[in-house]
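K.L.:
If you want the building blocks of each chain, they are given just below.
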Amino acid sequence: MAANPMTQFEVYRIGPEIKVGAFDISFTNASLFMVISSLAILIIFNLGSKKNSILPNKIQLLAELSYSFVSKMISDTAGSKAKPYFSFIFSLFMFVLFCNMFGMIPYTFTVTSHIIVTFILAAFIFIGVTVIGFIKHGFGYLKLFVPSGVPIVLLPLIVVIEIISYLSRPISLSVRLFANMMAGHTMMKVFGGFVVSLGIVGGWLPLSFSVALTGLEILVAFLQAYVFAILTCIYLNDALNLHH
Amino acid sequence: MFKKLFLYSLIANFFFAKKIFAAKSGGMPQLDPEFWISQIFWLVLTFGVLYIVLSKLILPKISANLELRKSQIQENIEAAEKQRESSEAKLKEFDGIILKSKIEAKNIFKDSREKVIKNINSKKEILDNQIDDEIKKAEVEIDTLRQSAPEKINKIAVVTSAEILKKLIGAEVNNSSISAIVDDLVKKNGDKYYGH
Chain S
1 MAANPMTQFE VYRIGPEIKV GAFDISFTNA SLFMVISSLA ILIIFNLGSK
51 KNSILPNKIQ LLAELSYSFV SKMISDTAGS KAKPYFSFIF SLFMFVLFCN
101 MFGMIPYTFT VTSHIIVTFI LAAFIFIGVT VIGFIKHGFG YLKLFVPSGV
151 PIVLLPLIVV IEIISYLSRP ISLSVRLFAN MMAGHTMMKV FGGFVVSLGI
201 VGGWLPLSFS VALTGLEILV AFLQAYVFAI LTCIYLNDAL NLHH
Chain R
1 MFKKLFLYSL IANFFFAKKI FAAKSGGMPQ LDPEFWISQI FWLVLTFGVL
51 YIVLSKLILP KISANLELRK SQIQENIEAA EKQRESSEAK LKEFDGIILK
101 SKIEAKNIFK DSREKVIKNI NSKKEILDNQ IDDEIKKAEV EIDTLRQSAP
151 EKINKIAVVT SAEILKKLIG AEVNNSSISA IVDDLVKKNG DKYYGH
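Line by line, the protein sequences give chains S and R.
Mapped onto our numbering, the consecutive letters of the first sequence carry residue numbers 1 to 244.
Mapped onto our numbering, the consecutive letters of the second sequence carry residue numbers 1 to 196.
These aren't lab readings, by the way, just hints derived from the structure by calculation.
Honestly, I wouldn't trust all of these hints.
Stated by the list, open to error - Estimated spans, in silico, between C-beta atoms of each pair:
| # | chain 1 | residue 1 | chain 2 | residue 2 | range |
| --- | --- | --- | --- | --- | --- |
| 1 | S | Asn241 | R | Lys56 | 26 to 32 Å |
| 2 | S | Ser168 | R | Lys56 | 32 to 38 Å |
| 3 | S | Ile14 | R | Glu78 | 53 to 59 Å |
| 4 | R | Lys61 | S | Val146 | 15 to 21 Å |
| 5 | R | Glu67 | S | Ile105 | 32 to 38 Å |
| 6 | S | Gly21 | R | Glu75 | 58 to 64 Å |
| 7 | S | Thr214 | R | Glu75 | 43 to 49 Å |
To be verified - Derived DSBU-like pairs: lysine-lysine, alpha-carbon spacing no greater than 35 Å straight-line:
| # | chain 1 | residue 1 | chain 2 | residue 2 |
| --- | --- | --- | --- | --- |
| 8 | R | Lys56 | S | Lys83 |
| 9 | R | Lys118 | R | Lys92 |
| 10 | R | Lys61 | S | Lys72 |
| 11 | R | Lys155 | R | Lys192 |
| 12 | S | Lys58 | R | Lys70 |
| 13 | R | Lys90 | R | Lys110 |
Just so it is clear, CB atoms sit at the ideal spot from N, CA and C, and this is done for glycine as well.
Excised from the complex, chain R in its bound form (with noise of 0.2 Å):
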């Protein structure tokens, strides 16, 4: 039912069209000259007063705020290069300082080391050479005594067996035929007794 009522109501529209496109052939307003001088007259009114007011007022101040705003950004890209480049400046700087400062820490270090390590060498070497003749020395002693022993255990020996001889026999033995029995077994035996 929808559809035949849009069907009808759509041509009768075209009817109705027809007669707007009649009405529309019966002119322009637009040819008719009646209004045209007053149109002519207020369009030069308005454009001229319009044109006068934005070129000598509105203009040059939107020109200018936007010469400004330019002038200004340009200043503080300009301001902001400068600081980076004088922290950059700095910043190389410091760097360079801090490589310096090491360089010469690690110089006093190495100095330091090799001082003490001369130090500790000669305080070493004074050591040493104390060592070598202490050592020396009791060698020294050792071979002297060494060199004495056998004459001492020859006497110590001579000694005891005079006196175990008197304990035994109850008589005195004669010191030198004693010593002669000594050097004698000593000489014959000395190497296994003394291991030279």
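This is chain S alone, in the form it adopts within the complex (with noise of 0.2 Å):
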């Protein structure tokens, strides 16, 4: 009787077919968990920040702190330069965040465990750090691909090896995220319908396990956006401050 694994990545449609020109863009349950999770960190963020207290409250600590970890971490991965971009780079870390965590409540929809989403906000970052790279240096970013210290017969197989790493990031960085999220979530629901198959005699193990896996992909999930956010810094870096 247990589920297959994967219906719980699967999208329907809430609601009527939306469609614009040749285009679907009905409202999915994805859909409702975007509008959510974005709905979620708005509020929290806004309570956050609507009084000033010297001494803040709990939900005040609470967006505070949230700011001060990712400003730090944008300062020490990315440097000053990166101030104009703490914006982004907060939303993409709370939206992620919040989808990650939004997906660990049972019977919800995990929005980033789907491969087009995280390509889509992997993409926009792989243009915008390429464009923000040549609006600062110019075809002087170029460089990025030859690093110095080479010897020049390597110095071809260099370049393309560069150019291929570079081209992937988007790619590396969608699929990371995506995997580990379905990865997370197919493994809770084999799991799960163990402890339904084994029964009262034999389901305790599997459920001791699902038990252990669930807080596993908390974890997994806050690491999740943790990484995505840090590894967007890096390559603003490499965009920001050219080091080779």
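Since each chain sits alone in its own frame, please combine them into the complex, following the hints.
P.N.:
In structure tokens form, the structure reads like this:
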């Protein structure tokens, strides 16, 4: 009777079909959880920034700690030049974190377990970083592919490798988040299925596994959001401070 | 019995698991492009709204709050530092005043002591001089008394011997003869009597 562990990733329409030209932009369960995550972020941070007391209350403390956490992360990895991009990285981190965390609630939908969502985010970051790099350094940005101190003989090979690694950034960034979220949720579903099929006699073992996995997945949910944001910072750092 | 049941269910489970994984290989919903456009649209919409509201409204407020708190704390620390410094200076001043007044008190004590000692000494000197004078006067008096004593005693001796003789003999004896005898005795044994 255990359901297919992949059904949790199915997208279905909520409400009527909306079409703009040839494109189907219907409101789906994925859209619902994007809206819920964004609203939750906005509500929490709005409450956290409303009053300004010298001794902050809990929600204000939460907002301010998140702010200084992301701010410190950016200044540590990308330096002070990355300050204008703080809002974007903060939104990105919070969006991914909240989507991951909402996905941990049973019967919800995990937005970030879809490759198309993570790929759009990663592609936007990749294009944005590349544009910033060319604006800041002009064609000098291409020096990124030519590391200094490399023998002339090896240079063509190195340049090819660097270009490939640069171009694979959006793929690695998006697949990392998507695969982590999908694998974790699938595994939890499989273990949940074991609990049902083994019944009251043998179900305790997979149940305890499931409990442990839940803790692990919450950790992964935070960690992947952090990794996503910090890799964005690192790419931004490459574009802002050309090291090669 | 439970062990057997557990084993059976475990074996059954593997069959089940095979079925599950077979179903899984049927396809990942993520690769179905049916709702890709919808997801992209809603992602851009929600993330765009989130970014705009956060960056325009909420984050500047949080940043301002943090700045304000930072500056306020800095101000408070500076004020506390200033007050500490001023209180330290006052403490130093206070210590100085105490030290000064201590020295003053010591000086006053010393001065008055010296004055009193001087006073006492001068008075003592005067008193000593007076006492010396008195002693000298007394000594002179004693000396004169002592010098005049033998004469008086001789006279008394002469008078008493004359009286005694008169009573014994019933006749008047010449004073001059008695005094001659006394003088003679004095001359002989005067040292013994008056112990010069």
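K.L.:
Within a Cα-Cα threshold of 35 Å, do Lys155 of chain R and Lys192 of chain R meet the stated pairing?
P.N.:
Status holds; Cα separation ~18 Å.
K.L.:
Below or equal to 35 Å on CA atoms is what counts here, so check Lys58 of chain S against Lys70 of chain R.
P.N.:
18 Å, holds
K.L.:
Check the following: the C-beta atoms of Glu67 of chain R and Ile105 of chain S are separated by a distance inside 32 to 38 Å.
P.N.:
36 Å, holds
K.L.:
Taking 43 to 49 Å as the stated bounds, is the beta-carbon spacing between Thr214 of chain S and Glu75 of chain R within them?
P.N.:
47 Å, holds
K.L.:
Are Ser168 of chain S and Lys56 of chain R spaced within 32 to 38 Å by their CB atoms?
P.N.:
34 Å, holds
K.L.:
Hinted pair, alpha-carbon criterion (35 Å max): Lys61 of chain R, Lys72 of chain S. Please report holds or violated.
P.N.:
Status holds; Cα separation ~18 Å.
K.L.:
Could you grab the alpha-carbon distance between Lys118 of chain R and Lys92 of chain R and see if it respects the 35 Å cut-off?
P.N.:
Violated, at roughly 39 Å.
K.L.:
Take a look at whether the Cβ-Cβ distance between Lys61 of chain R and Val146 of chain S falls inside 15 to 21 Å.
P.N.:
Between Lys61 of chain R and Val146 of chain S, where Cβ atoms are some 44 Å apart, the hint is violated.
K.L.:
Just to be careful, I want the Cα atoms of Lys90 of chain R and Lys110 of chain R compared with a cutoff of 35 Å; is the pair within it?
P.N.:
30 Å, holds
K.L.:
Do Ile14 of chain S and Glu78 of chain R keep their Cβ atoms within the hinted range of 53 to 59 Å?
P.N.:
About 58 Å separates the Cβ atoms of Ile14 of chain S and Glu78 of chain R, which means 53 to 59 Å holds.
K.L.:
Can you tell me whether the CB distance of Gly21 of chain S to Glu75 of chain R sits inside 58 to 64 Å?
P.N.:
Taking Cβ atoms as reference, Gly21 of chain S and Glu75 of chain R lie about 59 Å apart, which means the hint holds.
K.L.:
Is the distance from the Cβ of Asn241 of chain S to the Cβ of Lys56 of chain R consistent with 26 to 32 Å?
P.N.:
27 Å, holds
The structure shown violates the earlier hints numbered 4 and 9.
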